[in-house]
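Novice: So the chains spell out like this:
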Amino acid sequence: DAKTTQPPSMDCAEGRAANLPCNHSTISGNEYVYWYRQIHSQGPQYIIHGLKNNETNEMASLIITEDRKSSTLILPHATLRDTAVYYCIVRVWGQGAQKLVFGQGTRLTINP
Amino acid sequence: EAGVTQFPSHSVIEKGQTVTLRCDPISGHDNLYWYRRVMGKEIKFLLHFVKESKQDESGMPNNRFLAERTGGTYSTLKVQPAELEDSGVYFCASSQGQGLDTQYFGPGTRLTVL
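Chains A and B supply the protein sequences, listed in that same order.
Our numbering runs 944 ahead of the 1-based position in the first sequence.
Our numbering runs 1411 ahead of the 1-based position in the second sequence.
Hint data in this document are derived by calculation from the structure and do not stem from the laboratory.
Computed from a prediction, not measured in an experiment: that's the story for all the values here.
Using N, Cα and C, we set each Cβ at its ideal position, and we do this for glycine too.
Mixed in with the good hints there might be a few duds.
Derived DSS-like pairs: lysine-lysine, alpha-carbon spacing no greater than 25 Å straight-line [said to hold, decoys possible]:
no., chain 1, residue 1, chain 2, residue 2
1, B, 1489, A, 947
2, B, 1489, B, 1426
3, B, 1465, B, 1455
4, A, 1013, B, 1489
5, B, 1426, A, 947
6, B, 1489, B, 1462
7, B, 1465, B, 1489
8, B, 1426, B, 1462
9, A, 1013, A, 947
What follows is a set of in silico ranges between Cβ atoms, one per label pair, in the way DEER data are often shown [what the hints assert, rightly or not]:
no., chain 1, residue 1, chain 2, residue 2, range
10, B, 1416, A, 1048, 24 to 30 Å
11, B, 1482, A, 983, 30 to 36 Å
12, B, 1452, A, 973, 28 to 34 Å
13, A, 1055, B, 1482, 44 to 50 Å
14, A, 1010, B, 1427, 54 to 60 Å
15, B, 1491, A, 1023, 41 to 47 Å
16, A, 952, B, 1521, 35 to 41 Å
17, A, 955, B, 1428, 41 to 47 Å
18, A, 1023, B, 1452, 27 to 33 Å
19, A, 963, B, 1465, 38 to 44 Å
20, A, 972, B, 1433, 35 to 41 Å
21, A, 1053, B, 1427, 24 to 30 Å
One-sided and incomplete, this derived list gives chain B residues near chain A with beta-carbon spacing under 7 Å [said to hold, decoys possible]:
no., residue
22, 1418
23, 1456
24, 1476
25, 1513
26, 1517
27, 1518
28, 1519
Excised from the complex, chain A in its bound form:
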């Protein structure tokens, strides 16, 4: 399984862009990068995913390097409600199932 490495914690000021890095140097060519987040005491929430091109949706942008060994999740205008643990996940195929493999994630704190 491709592993991901994320910083354990980050801080960001409210209204600023939050940039969360993720390393996935062993990713295979057909594996996607997914981002989820978990706000305290809630279930994980899907944010965005991508293969090799940069992606953007209403929540965030995902920048994947050309060699696909790392990526950055960008929350363009962070709010206090974005305080959460953010998980960078590489989708693995196991016995036909697309299970998610969670790491420790990055605890992002948005400060007023």
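With chain A fixed as given, assemble chain B onto it according to the hints.
Specialist: Just chain B now, kept in the frame of chain A:
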């Protein structure tokens, strides 16, 4: 559209007792997943149903855990007998198709075994 729901939200039981957790997926989602986080560790995959069939149960920790999805709608996860190390939060997720379809998570059931 209703999301994934789980019941109960909290359960406190004594070691050796039995507990059954329930998950109702999003309507029309054939794929249902169970995950759990125990003792501050990472969220771990338990198993995956496609309709009523177990597609992957590689994450089930031992035979004290039994998951069912009769009729391919809601699912139950029974722990019998419960041990202290089973304490944690149990999450259910569902997706419409397989492949790389997005998995939508429920709020989780917090299980405490005393």
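Novice: State for each hint whether it applies.
Specialist: Against the structure, the hints come out as follows:
{"no.": "1", "hint": "1489(B) to 947(A)", "result": "31 Å, violated"}
{"no.": "2", "hint": "1489(B) to 1426(B)", "result": "14 Å, holds"}
{"no.": "3", "hint": "1465(B) to 1455(B)", "result": "17 Å, holds"}
{"no.": "4", "hint": "1013(A) to 1489(B)", "result": "40 Å, violated"}
{"no.": "5", "hint": "1426(B) to 947(A)", "result": "35 Å, violated"}
{"no.": "6", "hint": "1489(B) to 1462(B)", "result": "18 Å, holds"}
{"no.": "7", "hint": "1465(B) to 1489(B)", "result": "15 Å, holds"}
{"no.": "8", "hint": "1426(B) to 1462(B)", "result": "32 Å, violated"}
{"no.": "9", "hint": "1013(A) to 947(A)", "result": "11 Å, holds"}
{"no.": "10", "hint": "1416(B) to 1048(A): 24 to 30 Å", "result": "28 Å, holds"}
{"no.": "11", "hint": "1482(B) to 983(A): 30 to 36 Å", "result": "32 Å, holds"}
{"no.": "12", "hint": "1452(B) to 973(A): 28 to 34 Å", "result": "30 Å, holds"}
{"no.": "13", "hint": "1055(A) to 1482(B): 44 to 50 Å", "result": "49 Å, holds"}
{"no.": "14", "hint": "1010(A) to 1427(B): 54 to 60 Å", "result": "56 Å, holds"}
{"no.": "15", "hint": "1491(B) to 1023(A): 41 to 47 Å", "result": "44 Å, holds"}
{"no.": "16", "hint": "952(A) to 1521(B): 35 to 41 Å", "result": "23 Å, violated"}
{"no.": "17", "hint": "955(A) to 1428(B): 41 to 47 Å", "result": "43 Å, holds"}
{"no.": "18", "hint": "1023(A) to 1452(B): 27 to 33 Å", "result": "29 Å, holds"}
{"no.": "19", "hint": "963(A) to 1465(B): 38 to 44 Å", "result": "40 Å, holds"}
{"no.": "20", "hint": "972(A) to 1433(B): 35 to 41 Å", "result": "36 Å, holds"}
{"no.": "21", "hint": "1053(A) to 1427(B): 24 to 30 Å", "result": "40 Å, violated"}
{"no.": "22", "hint": "1418", "result": "14 Å, violated"}
{"no.": "23", "hint": "1456", "result": "4 Å, holds"}
{"no.": "24", "hint": "1476", "result": "16 Å, violated"}
{"no.": "25", "hint": "1513", "result": "5 Å, holds"}
{"no.": "26", "hint": "1517", "result": "5 Å, holds"}
{"no.": "27", "hint": "1518", "result": "5 Å, holds"}
{"no.": "28", "hint": "1519", "result": "5 Å, holds"}
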